[in-house]
Amino acid sequence: MADEALFQFLHNEVIQYVYKSAENGEMENGRCVSKLEHLGFRVGQGLIERFTKDTSRFKDELDVMKFICKDYWTSVFKKQIDNLRTNHQGIYVLQDNKFRLLTQLSSGKQYLEHAPKYLAFACGLVRGGLSNLGVRSIVTAEVSVMPACKFQVMIQKA
Amino acid sequence: MARQSTRSTDSKKMNSELFTLTYGALVTQLCKDYENDEEVNKQLDKMGYNIGVRLIEDFLARSSVGRCQDFRETADVIAKVAFKMYLGITPSVTNWSPAGDEFSLILESNPLVDFVELPDNHSNLVYSNLLCGVLRGALEMVQMAVEVRFAQDTLRGDNVTEIRMKFIKRIEENLPAGDE
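Chains as they are written, first to last, in numbering that gives the first Met the number 0: chain A, 0 to 157; chain B, 0 to 179.
No lab work stands behind these hints, which were simulated from the structure alone.
Think of the CB as a built atom: it goes at the ideal place given N, C-alpha and C, for glycine as much as any other residue.
It is possible that some hints are incorrect.
Think about it this way: if two alpha-carbon atoms lie no more than 30 Å apart in a straight line, the pair counts; the simulated DSSO-like pairs of lysine-lysine are [what the hints assert, rightly or not]:
#1 B:Lys-31 <-> A:Lys-34
#2 A:Lys-77 <-> A:Lys-97
#3 A:Lys-77 <-> B:Lys-79
#4 A:Lys-97 <-> B:Lys-83
#5 A:Lys-34 <-> B:Lys-45
#6 A:Lys-19 <-> B:Lys-45
#7 A:Lys-52 <-> B:Lys-83
Beta-carbon label-pair distances, calculated as ranges [to be verified]:
#8 A:Lys-77 <-> B:Glu-56: 14 to 24 Å
#9 A:Lys-108 <-> B:Thr-27: 29 to 39 Å
#10 B:Asp-32 <-> A:Thr-102: 22 to 32 Å
#11 B:Gly-156 <-> A:Arg-49: 23 to 33 Å
#12 A:Val-92 <-> B:Glu-146: 44 to 54 Å
#13 B:Leu-59 <-> A:Arg-84: 41 to 51 Å
#14 B:Glu-56 <-> A:Ser-143: 26 to 36 Å
#15 B:Lys-31 <-> A:Asn-131: 13 to 23 Å
Produce the entire structure from the sequences given, and follow the hints as far as they go.
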């Protein structure tokens, strides 16, 4: 628990920083999300390397996704993904009914407009993790009522 | 099978890796954004300050530590309770000034720098400068103005990491705290 507060505060500061440098005209606002995502990507790459060093080989893509939903999510956000759905054509939807980075924010529709800021880093974490497991993807997130959140993973076929 | 068993046992450590790596990504980004190390140090300190002013609330709520009578007690709480709680380490408190208004925290290990090596062209970067800001911000919220800086850093070739803290003054209750 303890480390977690620290991470959440740091995460908030990172968001603040990225958005503030956008205000100063150093980059356009739309790039903030992708910048945060990129930071998350790097972190995800590092994390997955450490988490998988003792695991057995993955059978297939679904196996990789299961690992992300269970072990990876638990290590990072202290709970599993609540629901994993796929169309078996490279699209996965990961639903977290109580997403850690949103629980402090609101439980409802208040501040909904700010939610994307708090999800970009997490999207990057997922994409970075997958990327180091050899799966190229695009990860987006959507929220209708906080703190529930859906991550959509679109696998990019090479 | 191994996959299942490795997970839950050291989940706490995993989390500090998340923190360490996130911090690393932030410093990397700052180094890209700012040309010189001094600016990066300043920015890290500022962000730390913002964290500190919030973290103190979390700390007081969870630790049941009361008001400190003197700076020595403050030093003990910082080293034995706060550092333990948030970073899982207990720095030693040494090098008291005769007046009792200055001391050093010696960190045997620094979780922030777990996977870090400083390149030669960043010799002025104080990598963990966020910590100084955190300490300053948190203490300011309990009416203590302090000066915090890194006196030694293992990243820069010193034998230990040393944070030097100097008490400046008590902040009067009715004044608005800080100017940032």
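Using the C-beta atoms of A:Lys-77 and B:Glu-56, is the stated range 14 to 24 Å upheld?
-> holds, 21 Å
With 41 to 51 Å as the target window, see if B:Leu-59 and A:Arg-84 comply at their CB atoms.
-> holds, 43 Å
So the hint says 44 to 54 Å: do the beta-carbon atoms of A:Val-92 and B:Glu-146 match that?
-> holds, 51 Å
Given the hint that A:Lys-97 pairs with B:Lys-83, test it: the Cα-Cα distance must not exceed 30 Å.
-> holds, 28 Å
Pair hint A:Lys-52 and B:Lys-83, alpha-carbon separation not exceeding 30 Å = holds, 28 Å
30 Å Cα cutoff - pair A:Lys-77, A:Lys-97 = holds, 11 Å
Could one say that the CB atoms of A:Lys-108 and B:Thr-27 fall in the range 29 to 39 Å?
-> holds, 36 Å
Agreement of B:Lys-31 and A:Lys-34 with the hint, judged by alpha carbon distance not exceeding 30 Å | holds, 12 Å
Starting from A:Lys-77, check that the Cα of B:Lys-79 is at most 30 Å away, please.
-> Distance ~26 Å between A:Lys-77 and B:Lys-79 Cα, so the pair holds.
Are the Cα atoms of A:Lys-34 and B:Lys-45 separated by 30 Å or less?
-> With a Cα-Cα distance of about 20 Å, the restraint between A:Lys-34 and B:Lys-45 holds, given a limit of 30 Å.
Straight-line Cα separation of A:Lys-19 and B:Lys-45 no greater than 30 Å?
-> Holds - the C-alpha atoms of B:Lys-45 and A:Lys-19 are around 13 Å apart, at most 30 Å.
With respect to the beta-carbon atoms only, verify the hint that B:Gly-156 and A:Arg-49 lie 23 to 33 Å apart.
-> holds, 27 Å
When the structure is compared with the earlier hints, no violation turns up for any of them.
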